[in-house]
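Just so you know, the sequences run in chain order Z and H. Under the numbering used here, the final residue of the first sequence carries the number 369; numbering is consecutive throughout. Under the numbering used here, the final residue of the second sequence carries the number 391; numbering is consecutive throughout.
Hints were generated in silico from the structure; no laboratory data involved. Treat the hints with care, as some may be off.
As the list claims (entries may be wrong) - Anything over 12 Å on all C-beta distances counts as not near chain H; from chain Z, calculated:
1) G38
2) R76
3) M129
4) L188
5) R204
6) Y223
7) K307
8) K310
9) G344
10) D347
11) R355
12) S368
Claimed, not checked - Pairwise CB distance ranges (calculated):
13) Z:K310 to H:E277: 56 to 62 Å
14) Z:S113 to H:Q128: 29 to 35 Å
15) Z:E339 to H:P122: 40 to 46 Å
16) H:H126 to Z:S180: 47 to 53 Å
17) H:I138 to Z:T155: 48 to 54 Å
18) H:K281 to Z:E339: 50 to 56 Å
19) Z:R268 to H:I138: 50 to 56 Å
To be verified - Below are the BS3-like pairs computed for lysine-lysine, each with C-alpha atoms no more than 27 Å apart in a straight line:
20) H:K316 to H:K163
21) Z:K18 to H:K141
22) Z:K97 to H:K272
23) Z:K310 to Z:K97
24) Z:K222 to Z:K97
25) Z:K271 to Z:K257
26) H:K281 to H:K199
27) H:K48 to Z:K264
28) H:K272 to H:K367
29) Z:K172 to Z:K310
30) H:K48 to Z:K97
31) Z:K147 to Z:K257
32) H:K48 to Z:K253
33) H:K272 to Z:K2
34) Z:K264 to Z:K161
35) H:K199 to Z:K222
36) H:K199 to H:K166
37) Z:K348 to Z:K298
38) H:K48 to Z:K257
39) H:K166 to H:K178
40) H:K313 to H:K281
Remember, predicted model here, so these are calculated numbers, not experimental data. Each residue gets a CB set at the ideal place from its N, CA and C atoms; glycine is no exception.
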Amino acid sequence: MKVAIVGIGWYGFRPNTKDVSFREMMFEAAVRAYEDAGNINPRTDVDTFISCQEDFWEGIAISDEFAPDPIGGAMRPTMTVTGDGLQGILHGVMHIKSGLANITVVESHAKPSDILTMRDIIEFAFDPMYRVGAKNIHFLAGLEALKFMKLRNATREDFAKVVVKNKRNGLKNPRASYASNINLEDVLEREYTVYPLTDLDISRFVDAAVVVVLASEEIARKYTDTPIWIDGIYSATDSTIELSELGEARYMKIASKEAYNMAKVNIREIKAAFVDDTYSYKELQHVEGLSLSDNAVKDLREGEFEKGGKIEVNPLGGHLAKGRPLEVSGLSLLLDAVEYLRQGVVDKAVVASWRGIPTFTGVVGVVSR
Amino acid sequence: MKTNLYFRRVAVIGAGLTLFRRRMLETPQELAWEAVRKALDEAGLELKDIDCVVIGSAPDAFDGVHMKGEYLAHGSGGVRKMVSRVFVGGATGVMVPNTAWYHVASGLCEKVLAVAEEKMSPARPHPQSVFRYIWDPITEKPLNPNLIWIFAMEMHRYMYVNKITKEDIALVSVKNKKNALNNPYAQAAANITVDDVLKSEVLVWPVQLLDTSPVSDGAAAMVIVSEDVARRYTDTPVWIEGVGWTLDNTEWTGRELAYPRYLEHAARMAYKMAGIERPNKEIDVIEPYDPFDYKELHHIEGLMIARRGEAPKLLKEGVFDIDGDIPSSPSGGLLGVGNPIAAAGLMKTISIYWQLKGTAGRMQVKKPVHTGLAQAWGDLMQASTVIVMRN
Numbered sequence: 001m002k003v004a005i006v007g008i009g010w011y012g013f014r015p016n017t018k019d020v021s022f023r024e025m026m027f028e029a030a031v032r033a034y035e036d037a038g039n040i041n042p043r044t045d046v047d048t049f050i051s052c053q054e055d056f057w058e059g060i061a062i063s064d065e066f067a068p069d070p071i072g073g074a075m076r077p078t079m080t081v082t083g084d085g086l087q088g089i090l091h092g093v094m095h096i097k098s099g100l101a102n103i104t105v106v107e108s109h110a111k112p113s114d115i116l117t118m119r120d121i122i123e124f125a126f127d128p129m130y131r132v133g134a135k136n137i138h139f140l141a142g143l144e145a146l147k148f149m150k151l152r153n154a155t156r157e158d159f160a161k162v163v164v165k166n167k168r169n170g171l172k173n174p175r176a177s178y179a180s181n182i183n184l185e186d187v188l189e190r191e192y193t194v195y196p197l198t199d200l201d202i203s204r205f206v207d208a209a210v211v212v213v214l215a216s217e218e219i220a221r222k223y224t225d226t227p228i229w230i231d232g233i234y235s236a237t238d239s240t241i242e243l244s245e246l247g248e249a250r251y252m253k254i255a256s257k258e259a260y261n262m263a264k265v266n267i268r269e270i271k272a273a274f275v276d277d278t279y280s281y282k283e284l285q286h287v288e289g290l291s292l293s294d295n296a297v298k299d300l301r302e303g304e305f306e307k308g309g310k311i312e313v314n315p316l317g318g319h320l321a322k323g324r325p326l327e328v329s330g331l332s333l334l335l336d337a338v339e340y341l342r343q344g345v346v347d348k349a350v351v352a353s354w355r356g357i358p359t360f361t362g363v364v365g366v367v368s369r
Numbered sequence: 001m002k003t004n005l006y007f008r009r010v011a012v013i014g015a016g017l018t019l020f021r022r023r024m025l026e027t028p029q030e031l032a033w034e035a036v037r038k039a040l041d042e043a044g045l046e047l048k049d050i051d052c053v054v055i056g057s058a059p060d061a062f063d064g065v066h067m068k069g070e071y072l073a074h075g076s077g078g079v080r081k082m083v084s085r086v087f088v089g090g091a092t093g094v095m096v097p098n099t100a101w102y103h104v105a106s107g108l109c110e111k112v113l114a115v116a117e118e119k120m121s122p123a124r125p126h127p128q129s130v131f132r133y134i135w136d137p138i139t140e141k142p143l144n145p146n147l148i149w150i151f152a153m154e155m156h157r158y159m160y161v162n163k164i165t166k167e168d169i170a171l172v173s174v175k176n177k178k179n180a181l182n183n184p185y186a187q188a189a190a191n192i193t194v195d196d197v198l199k200s201e202v203l204v205w206p207v208q209l210l211d212t213s214p215v216s217d218g219a220a221a222m223v224i225v226s227e228d229v230a231r232r233y234t235d236t237p238v239w240i241e242g243v244g245w246t247l248d249n250t251e252w253t254g255r256e257l258a259y260p261r262y263l264e265h266a267a268r269m270a271y272k273m274a275g276i277e278r279p280n281k282e283i284d285v286i287e288p289y290d291p292f293d294y295k296e297l298h299h300i301e302g303l304m305i306a307r308r309g310e311a312p313k314l315l316k317e318g319v320f321d322i323d324g325d326i327p328s329s330p331s332g333g334l335l336g337v338g339n340p341i342a343a344a345g346l347m348k349t350i351s352i353y354w355q356l357k358g359t360a361g362r363m364q365v366k367k368p369v370h371t372g373l374a375q376a377w378g379d380l381m382q383a384s385t386v387i388v389m390r391n
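Turn these sequences into a full structure, and let the hints steer you where they fit.
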């Protein structure tokens, strides 16, 4: 059975959304998604609801209490997946494929502008036995970026190229608060936040909410003439910091292998990739983890990730241009992919999300029109 | 909601529990692994055979870890596999096997570990301090409510609407703590009387100390597989026949607290899937969630095992005793075994699994059983999860 995206709605993608609460953001995104899906009524047309969020980001213990009302999920089968929104899509696909639901709604929201102590919150995600008290939350990314440079003979200029490409691509995206027309020198001349990464190599946080309406094939055909199909989706977790392979995105390798199998796709058919670029080097690492390139550094230098190249990578800007909305990150990449497919620019795309430091979990989806 | 027309059959073939205790020395990861190891042993599988892991744990603040699913992944055997953590507050323990069910039923996974862990003891001075942060940050948090206050309101309302006495309710605590004497994992087993409950310390009237379950650490795990796998590994699989869950709205102050309508919805979903039309006739053994003694009665009514207000009468008649018509909480429940929040719900599911498999030992109910049900409850008194199993 195939599963389709029949509606998608978003709100925010701004550094600060002080005029709305997180619940109002959810509501705004949900209304838009239901309208996009052909004006469905969540109270009668939707079978199950999934919300993706984490307690510590919300500042609420048992934050899922607040999931149902703004999306129409009260007194319905509503649940929370404490993970990236793309993991929620994976669960939604399982709801439909298992026969549990015809229509499932997946929601995620993030309001990092409310978090006054981001460094401390991120530190709480480290194993309590080994919490390092790092003053710089990006230290682990710095370590990994260095390892990546050594493994792939990458240079600082390569990372800067990713930044320039994505920020420029973001100029085409109405959600890209951090899009700009900068050049390599602009990046290379910045001070290091943590070697070898400058503040421009690191995506900034952004407030956002995204709601996605999924439907089984039969139902999707009733709601829309232009469904976006989820051909394959899978997630994988590597291990702990001590045992994961720094420099290699092993989680992407495992997840993409399974997602491609499920989608029965030949990688060459994929013409666009919307991949996590929380840090500039991560885009290159993830492109390799997804088997979209044997040598991402070389392909980047040769312009293969630009329009007209082998595969467009983050053609609508990625997190470096749009910002990183915590658990909405995966859905923001999916949203870009859906828009790109609906515009008819490409027929098939891959979406790949990572949960950010200090985790080693990735989700990969193959979508087509 | 769709009905069960073409689900792949899904079975439980192994389960494991740690002791439920206050202040376990093991880390959360070690607790999870102990339960997983036992579940794998019972199933006859190795970790390498598992393709997906579903984790459940209640507020992150109990363990003091952000992104707790990621943290628990390693101890739960989720290395280089598909791992997810699901969360519906206190109802998480039953949401974990429900989620594992659709992992298999969807065809995405064949052999799934369902793991729930909770360490409540690191919260100092008491887990109640974590519950201070479950409220609406604008309208409720400034009042600094205590969780027991709202349960006291709910218990009071249940007693008032249905004309139920404290003595009627205390019988649940007496029954469950006594049942727990047969449970080797139990933390709070005891031979107490109704009088002991009524004389125990008043926390918030009408909630007294022996009306409540203790603060606990513990973990539980199940191996949940497709039909093909189950047939290869065991002659006595226990089938998951129905799953259901519902969240009511967040505004608990606007609800009729005397009856858990969200549970009725969750139960109807599970019953429809399992083809159950008369739950009080068709279900042989139940494990309703009992963090407080009144909640077991409340939930028995929400599950439609008894009519509204009728559960205390049936309890007094012995219907829910271990040798009664519908034994309830033969494990000893949360009141007797302990309440490591998410692990407690999975413990209840495991209890039903062992009852249906016939390996519950001294906990085994007297009559033959073929259909069993476990249930959990949580969030702002708004979430319920239900699982129906058959042998």
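Kindly indicate which numbered hints from before are broken by the structure, ordering the numbers from low to high.
2, 3, 11, 23, 26, 34 and 35
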